[in-house]
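Starting from the known structure of chain W, fit chain Y onto it as the hints suggest.
There are 2 protein chains.
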Amino acid sequence: MRGVDKNDVPSVTVPRLALYLRKLRELRARGVERVSSKDLAEMIDLNAAQIRKDFSYFGEFGTRGVGYEVPVLVDEITRCLGLDHTWNVVIVGAGLLGTALARYRGFTEQGFRLVGMFDSSASVIGARFGTGEDSRVRSVHELDEFCRRERVDIAMITVPAGEAENTVRRLGAAGVKAILNFAPLKVHAPEGVLVRQVDLSSELMSLSFYLDKEQE
Amino acid sequence: MRGVDKNDVPSVTVPRLALYLRKLRELRARGVERVSSKDLAEMIDLNAAQIRKDFSYFGEFGTRGVGYEVPVLVDEITRCLGLDHTWNVVIVGAGLLGTALARYRGFTEQGFRLVGMFDSSASVIGARFGTGEDSRVRSVHELDEFCRRERVDIAMITVPAGEAENTVRRLGAAGVKAILNFAPLKVHAPEGVLVRQVDLSSELMSLSFYLDKEQE
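Residue numbers (the working numbering), protein chains in the order written: chain W, 641 to 856; chain Y, 641 to 856.
Chain W on its own, in the form it takes in the complex (with noise of 0.2 Å):
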């Protein structure tokens, strides 16, 4: 068994990637030691023939009657996903979103740890985002320093659109390394940090599209 050349993963398939661990985490747990592609497929309700091809990345090929041995999936993907430590994340925004972000169950779980938090409003600075000693709104004023000295990997931003690119800069100059975007605009990666959007009024517009099409 080798490992997986991550070059040879194809960006689009890294949310199926995402999408099978959890199902397979989930077996796991229920002690579940092998599945075949096609109960897998019927699970995630996705295509056998997709789920070997993405599983052929790993060199893990199944055997035809037996199936996936799943806890060695989970260990491969866990490793391809980068899912093998820890990344440390801070959320730039403590409105709404962010503290529904703060509190959202599927981050922590994934190895992602929240480390800080920062608003730009003083009646937000200060509040509580969750049960750590140290877990307290900062001002933004401190971002920069803060994400230096605890070596922040991620940053989720869900500050007004107005103040997006002015934070992705921000947090670029600091060493963060990955961005995930929830203001209602596409901003500018600075070099060397990834950006992703969330862009949640566009899915909404897509939805739109395709209901538009059915009535037609």
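Please note that a few of the clues may not be correct.
For identical chains, the list gives no copy identity; a pair is met inside one copy or between any two copies.
Below are the DSS-like pairs computed for lysine-lysine, each with C-alpha atoms no more than 27 Å apart in a straight line [to be verified]:
| # | residue 1 | residue 2 |
| --- | --- | --- |
| 1 | Lys678 | Lys646 |
| 2 | Lys678 | Lys853 |
| 3 | Lys817 | Lys646 |
No wet-lab data here; the hints were simulated from the structure.
Chain Y alone, transformed into the frame defined by chain W:
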């Protein structure tokens, strides 16, 4: 100028249309009449050739040195995305994320009308989620009848993972045609219902994948 045939527009183009629309509306609001694909490309960090190709679905070819007419494009894209009429939207799950979505500025701007919000928890039912007289969280028991009566088009669900499947089934049976699922698992789409998954932890996993690749 011809109307666009939506079947010509590939699904990968739709999120870009949403992006163009936002920027073009901004330009229109500033009184800008024309824009070149090159300038637009710089504004939204996309390739100019890609933009020209996307706009060709509208039969819009722009004029070299003069560019595209901004108000025309705004109208065409608005119509293509089905945003020239209002969609009735409900949110199921009035936790932090649901409440954040209810206040998300981007939605109402685009003609998505939040008509109801539902939760199963007595501590939340009756709470205000908007400014309207009727803007109070209802019990999920009312969900099915409400969706039929109010002709709800789109639902956003932020319920716990264990309730997602059942919620989607009920919404489908009550005539809801499109669902944006924020629950952290993939659900089966009932016949004739479009379900889109917004998987926040999968977004973070993608970041993790790329960060890890960088550091190898």
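Hint check:
For the homomeric pair Lys678 and Lys646, the shortest alpha-carbon distance inside one copy (25 Å) is at most 27 Å, but the shortest distance between copies (34 Å) is not. With identical chains, the CA atoms of Lys678 and Lys853 are never at most 27 Å apart, being 32 Å at best within one copy and 30 Å at best between copies. Taking the shortest Cα distances, Lys817 and Lys646 sit within 27 Å of each other inside one copy (18 Å), while across copies they are farther apart (38 Å).
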